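Chains R and P supply the protein sequences, listed in that same order. Numbering of the first sequence is given in our numbering, commencing with residue 1 and proceeding in unit increments. Numbering of the second sequence is given in our numbering, commencing with residue 123 and proceeding in unit increments.
Warning: the hint list may mix true and false statements.
[Stated by the list, open to error] Every beta carbon over 10 angstroms from chain R, so not counted as near; a handful from chain P, in silico:
id: 1; residue: Ala-267
id: 2; residue: Arg-330
id: 3; residue: Arg-355
id: 4; residue: Glu-413
id: 5; residue: Leu-438
[As the list claims (entries may be wrong)] Below, a list of computed lysine to any residue pairs in the SDA-like style, where the Cα atoms sit at most 20 angstroms apart:
id: 6; chain 1: P; residue 1: Lys-233; chain 2: R; residue 2: Ser-88
id: 7; chain 1: R; residue 1: Lys-97; chain 2: R; residue 2: Thr-45
id: 8; chain 1: R; residue 1: Lys-89; chain 2: P; residue 2: Leu-501
id: 9; chain 1: P; residue 1: Lys-512; chain 2: P; residue 2: Ala-365
id: 10; chain 1: R; residue 1: Lys-89; chain 2: P; residue 2: Pro-434
id: 11; chain 1: R; residue 1: Lys-89; chain 2: P; residue 2: Arg-471
id: 12; chain 1: R; residue 1: Lys-34; chain 2: P; residue 2: Lys-512
id: 13; chain 1: P; residue 1: Lys-233; chain 2: R; residue 2: Glu-87
id: 14; chain 1: P; residue 1: Lys-464; chain 2: R; residue 2: Ser-88
id: 15; chain 1: R; residue 1: Lys-89; chain 2: P; residue 2: Asp-463
id: 16; chain 1: R; residue 1: Lys-34; chain 2: P; residue 2: Ser-235
id: 17; chain 1: R; residue 1: Lys-23; chain 2: R; residue 2: Gly-106
id: 18; chain 1: R; residue 1: Lys-89; chain 2: P; residue 2: Val-435
id: 19; chain 1: P; residue 1: Lys-278; chain 2: P; residue 2: Ser-235
Rather than coming from a laboratory, the hints here were simulated on the basis of the structure. No experiment lies behind these values; they were computed from the predicted model shown. All residues carry an ideal CB built from backbone N, CA and C; glycine is no exception.
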Amino acid sequence: MKYLLIMQVNHEVLDALSEDERKLVMEGHGAFMKTVQDSGEFILTQALADPANSTVVTGTGGAPVVSDGPFLEAKEFMGGYYMIDCESKERAIEIAKLIPDAKVKGLSIEIRPVMYSAGADL
Amino acid sequence: MNREIEDLLRRLAPRVLGTLVRRHGQFEACEDAVQEALLAASVQWPEQGVPSKPMGWLVTVATRRLADQWRSEAARRARELAVSMEPAPDDDPSRDVDDTLRLLFLCCHPKLSAPSQVALTLRAVGGLTTAQIGHAFLVPEATMAQRISRAKQTIKGAGLPDGPERLPTVLQVLYLIFNEGYTATSGPDLQRVELAAEAIRLTREVHRLLPENGEVAGLLALMLLTDARRESRSVDGVLVPLAEQNRDRWDRTRIKEGVELVTGALPKGPAGPYLMQAAIAAIHDEAPSTEETDWTEVLILYKILDRTAPNPVVTLNRAIATAMVHGPAEALALLATLDDDKRIAGHYRLDAVRGHLLDLAGEHDRAREHYQRAARLTLSVPEREYLLRKAAHRP
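Using the sequences and the hints given, assemble the complete structure.
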């Protein structure tokens, strides 16, 4: 079963991290990736640029409208994700807890099952 | 490679591997050696013809590869191997039989997670390549390679188990493979290995080895009787429920074989859950329509199943049969007993069945709510399409 582990981040929380803490998180992601690669559960990861760089195309029923900026002005946004393939939802939760974000107060990981996949590597 | 040679190689793969593991232990090394031997055969046989003793040929080549591997690793091991090198066997055929079964038991080692058991079984017993397995499960080859390699490390040192206590796990793994193939939602893809067919092939092999086992016969029958309806199970990517399927398109050969397995196994003793489910599938497959289905018989079988192997999914199916025999009110009352059952809470099928029963009871507005909720909860695209149509439908 494939799951997307979505890292929901937050500027306030990220800005408040010390340099050492930021370094720990970064290194933690490397160690985390090695763990899920070794277990044969890792598929893909992407880190996304800040939503300040976003452009949104909105359907209007006629010509789509293009606007700069994030889709939603929200405190939390998707910072990146891991895609994994594992035995069960319980295992997905176990894996999500290993992501360094899970150790930082105020950050969350959302676990969503994948319904359909296609792509060059699959 | 031509089809006949490919089939032959995949049939022989587990026997060759079983023989090697029995003689030398070291599952991981043997597995690599057998893969190389299979590769060599797939290149040579189509050109030079199939050797007169194909099994012996493969064992000899694999054993040589194993020796090469060990020689390059450590001279000591090579010396040990030299002692155990024997001429190619086509020795005792009953041994091959035991080896294949024991190999299956090994691949379904309790220390492995279900996805690892599945991957290892398909590779070691099914003779599929890592790329084929990755492709079948829509997982990158590197991920699958790592999963298999980790699984092999985990069971390193474990010899071939004798005990039949792992048979239930083996059957579960085979059923998982079947369902993965049967419910696959991905688009047309010629390279995608037919997992349902592979599961049937492997289960057929287990049935050949254990012809008297009712659950093995039951599982094989269940797969055949389910697979018989595959062609009519969805149209244009939308699920078609049993009641609306075009029964002319059901595979009669598969049905005949499934029914014979069920009728052969039922008198031999108390029926386990697979055989019971197969018996129910046989009633559906032999009925010309939903109306002419013997729902009383179906209901009796579900009641027995719900008592002997209690499970909320069985209760759901029993509720559908109850509605056909006693009407929707009684069925809805039975469904209500599942409301506090954590095992099925939040599962789309609870809402889908409730929607169906409310529709039968004439409560279409409430039915719509449950269909909509089921559509949001399902993880299958064809199912979602079906449920959304039911939600939009105004009788």
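So, going through the hints one by one against the coordinates:
1. Ala-267: 8 angstroms, violated
2. Arg-330: 30 angstroms, holds
3. Arg-355: Holds, since 17 angstroms exceeds 10 angstroms.
4. Glu-413: 34 angstroms, holds
5. Leu-438: 20 angstroms, holds
6. P:Lys-233 x R:Ser-88: OK: Lys-233 (chain P) and Ser-88 (chain R) at ~16 angstroms, within 20 angstroms.
7. R:Lys-97 x R:Thr-45: 16 angstroms, holds
8. R:Lys-89 x P:Leu-501: 13 angstroms, holds
9. P:Lys-512 x P:Ala-365: 14 angstroms, holds
10. R:Lys-89 x P:Pro-434: 19 angstroms, holds
11. R:Lys-89 x P:Arg-471: Satisfied, since the Cα-Cα distance of roughly 18 angstroms is no more than 20 angstroms.
12. R:Lys-34 x P:Lys-512: 45 angstroms, violated
13. P:Lys-233 x R:Glu-87: With a Cα-Cα distance of about 13 angstroms, the restraint between Lys-233 (chain P) and Glu-87 (chain R) holds, given a limit of 20 angstroms.
14. P:Lys-464 x R:Ser-88: The hint holds at about 16 angstroms.
15. R:Lys-89 x P:Asp-463: 18 angstroms, holds
16. R:Lys-34 x P:Ser-235: Given that 20 angstroms is the threshold and the Cα spacing comes to 19 angstroms, the pair holds.
17. R:Lys-23 x R:Gly-106: 17 angstroms, holds
18. R:Lys-89 x P:Val-435: 18 angstroms, holds
19. P:Lys-278 x P:Ser-235: 15 angstroms, holds
Comparing the model with each earlier hint shows violations of hints 1, 12; every other hint is respected.
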